[in-house]
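Trainee: Sequence:
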Amino acid sequence: MKVQVTQENLNKAISAVARVAVSSRNPLPILNNILLRTDKNRLTISATNLEIAITEHVGAKIETEGAITLPAKLLQEFISSLPSGTITLETKDHKCTISSGNYNSVVNGMLADEFPIVPKIEKGVSISIGGKDLKKALQQVIIAASNDDTRPVLTGVYVHVHEGDLYMVATDSYRLAEKKVMPCKEDISILVPSNALNDVLRIVSDQDEDVVISTDNQQVVFRIGESELVSRLVDGNYPDYRKLIPSKFINSAQLPKDEFVNVTKVSSLFARESAGSITLNIDEVNKQMVIKSVASQLGENTASVVGEVSGEGDVTINSRYLLDALNVMSVKSVSFSFNGKLEPCLLKSDELSDYLHVIMPLKS
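This note's numbering numbers the first residue of the sequence shown as 863 and each following residue consecutively.
Simulated from the structure, these hints should not be mistaken for laboratory data. Check the hints yourself; a few may be wrong.
Stated by the list, open to error - Dumping the calculated BS3-like pairs for lysine-lysine here, alpha-carbon to alpha-carbon at most 27 Å: (1) Lys1042 to Lys957; (2) Lys1105 to Lys1225; (3) Lys1047 to Lys874; (4) Lys1119 to Lys998; (5) Lys935 to Lys954; (6) Lys1194 to Lys1119; (7) Lys1194 to Lys1225; (8) Lys1149 to Lys1194; (9) Lys994 to Lys982.
As the list claims (entries may be wrong) - Derived Cβ-Cβ restraints for the label pairs, each shown as a range: (10) Val1147 to Gln1001: 33 to 39 Å; (11) Ser1215 to Asn1079: 56 to 62 Å; (12) Lys1194 to Tyr965: 50 to 56 Å; (13) Arg1064 to Gly1161: 37 to 43 Å; (14) Asn964 to Thr926: 21 to 27 Å; (15) Lys954 to Pro1014: 41 to 47 Å; (16) Asn1099 to Gly1161: 42 to 48 Å; (17) Arg887 to Gln1159: 23 to 29 Å; (18) Glu1025 to Pro978: 38 to 44 Å; (19) Arg1064 to Glu1135: 56 to 62 Å; (20) Asn903 to Asp1011: 40 to 46 Å; (21) Ile1112 to Glu1162: 39 to 45 Å; (22) Gln1116 to Gly1161: 26 to 32 Å; (23) Asn903 to Asn1124: 49 to 55 Å.
From a predicted model like this one, the values you see are computed outputs, not experimental measurements. Glycine included, every Cβ here is placed at the ideal spot set by N, Cα and C.
Let the hints inform the model, and build the full structure from the sequences given.
Mentor: Shown next as structure tokens:
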């Protein structure tokens, strides 16, 4: 193989795929490598950990067809260190000579035949969604996905169609985020690993073109311009989460979001000793929400936010969960509602009718 490619394009592509390869958990040595393969007038760059595979396509001048795998960490650091300009890659057996300007290096790799085949979806369902819309939806729901591998179902984002609309949902059993994304006529019900979706976010972040999502109920593919991510799906049935979302409330507060965020941040400073727990009290007489946190070593903090409130009562929740939810809601005001000390709290906004966030209370 002998190809010429710009440093900028090669560096961007390698950076996009290398994260999958650079892992101490990879069971096979070759999974720590990146596959470089010619494809007509393009250089295809792929990496996989057998759960997720990312492929980038880069325009290149192909002099000789071929393929090789090279160490991901070394290749990423080396290419990113080279100056702008043209890079020539030339392979012989398992060695690759990389030259650019006054730089000339030989990197030992492994034969491409040993690299796992990146799966493809031949038949399945496909939908298209705007890059910005997908990015926003993922940012709003991924925060609620679990990191606990002992409950695999909760580590995924539930992507499904309900009554003609596409929804994305995540929960770790302590909080739940639901986003109604767009109308959809297809029949989709899949569980996508949240770590794969975090990689999708990294790819989408720089691009505003449509994303094509395809699935055969075994795996899912996200195609974004010259980028492609394939992931296995999570096995299992998602819980019937809709029955967990309360519809009627005794206590409710309509509050300016930015003010609510600020007082919650301050209260969280005094909540570090108590695993982030803060108590929110609705004061209907004074038309305010009072937030209190106590730290036996540091002291205590009380702050209030004036708003439209109804009811009288308090509830204790995790301040980090509340801040996570508030920070992904680009609105001026939010409503915080609950019924009792041990019942779910609902956070939503009239300005964001397609999104809601449920937070379970803590025992105070």
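Trainee: For Lys1042 and Lys957, compute the direct alpha-carbon distance and say whether it is at most 27 Å.
Mentor: Violated, at roughly 50 Å.
Trainee: Is Lys1047 within 27 Å of Lys874, Cα to Cα?
Mentor: Measuring from Cα to Cα gives roughly 36 Å; hence the hint is violated.
Trainee: Lying within 37 to 43 Å: is that true of the beta-carbon distance Arg1064 to Gly1161?
Mentor: 41 Å, holds
Trainee: Does Lys1105 pair with Lys1225 here, judged by a C-alpha cut-off of 27 Å?
Mentor: OK: Lys1105 and Lys1225 at ~22 Å, within 27 Å.
Trainee: Given the range 56 to 62 Å, decide if the beta-carbon distance of Ser1215 to Asn1079 lies inside it.
Mentor: 30 Å, violated
Trainee: For the range 38 to 44 Å, tell me whether the beta carbons of Glu1025 and Pro978 fit it or not.
Mentor: 40 Å, holds
Trainee: Quick check: does the Cβ-Cβ distance between Lys954 and Pro1014 fall within 41 to 47 Å?
Mentor: Given about 44 Å between the Cβ atoms, the range holds.
Trainee: What's the verdict on Lys994 and Lys982, does the C-alpha distance respect the 27 Å limit or exceed it?
Mentor: 25 Å, holds
Trainee: May I ask you to test the hint 26 to 32 Å on the CB atoms belonging to Gln1116 and Gly1161?
Mentor: Once the Cβ atoms are compared, 30 Å apart, the range 26 to 32 Å for Gly1161 and Gln1116 holds.
Trainee: Is Lys1194 within 27 Å of Lys1225, Cα to Cα?
Mentor: This hinted pair is violated, its Cα atoms lying about 30 Å apart.
Trainee: Can you let me know if the beta-carbon spacing of Arg1064 and Glu1135 is within 56 to 62 Å?
Mentor: 35 Å, violated
Trainee: Under the criterion that the straight-line Cα-Cα distance not exceed 27 Å, is the pair Lys1119, Lys998 satisfied?
Mentor: 18 Å, holds
Going through the hint list in order, the structure does not satisfy hints 1, 3, 7, 11, 17, 19 and 21.
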